[in-house]
Amino acid sequence: GGAPPPGSKPVARAAQMSLDDGTGEGGALGFRAAGASEAAKDELEAIAGELEAARSAVQRVEAGLEETSRLVEAQDATTRAEARGRGLVLGSEVVIRPGLPGRRP
1 GGAPPPGSKP VARAAQMSLD DGTGEGGALG FRAAGASEAA KDELEAIAGE
51 LEAARSAVQR VEAGLEETSR LVEAQDATTR AEARGRGLVL GSEVVIRPGL
101 PGRRP
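Mapping the sequence shown onto the numbering used here, position 40 (from 1) lands on 40, and the numbers just tick up by one.
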């Protein structure tokens, strides 16, 4: 006994009858679908709003990173200039200190 498995013909016929109640719009099911699509539209609009907020947050982070990068480059240039004055070696940059033996004036 029991109900026929999903997808069997009696189930499909019953589903078709519930869809067509003579209104041509799928009856109550059609109205439910319209309500669901309205809710889905509201949900999509909310998601779109969240995406826009996230996008502007990302832009703020990117701007902050660019500013940080500029500050680091400026600090790096300052550090290299100071190092040159003290005769230090930074990375692959070899700096000869003024007045060291072996350097001609």
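Think of the hints as simulated: they come from the structure by calculation, not from any bench.
Quantities reported herein were computed from a predicted structural model and do not represent experimental measurements.
Any given hint could turn out to be false.
Stated by the list, open to error - Label-pair distances were calculated between CB atoms; the ranges are: (1) G85 to L51: 48 to 54 Å; (2) L51 to A83: 52 to 58 Å; (3) A83 to E62: 29 to 35 Å; (4) T79 to E43: 51 to 57 Å.
C-beta: ideal position from N, C-alpha, C; glycine also.
Tested hints:
Between G85 and L51 the C-beta distance comes to about 51 Å, which sits within the given range of 48 to 54 Å. The given range of 52 to 58 Å is broken by L51 and A83, whose C-beta atoms sit roughly 47 Å from each other. Our hint of 29 to 35 Å for A83 and E62 holds, since their Cβ atoms are close to 31 Å apart. With their beta carbons about 53 Å apart, T79 and E43 fall inside the hinted range of 51 to 57 Å.
Hint check: a violation occurs at hint 2 only; the rest are consistent with the structure.
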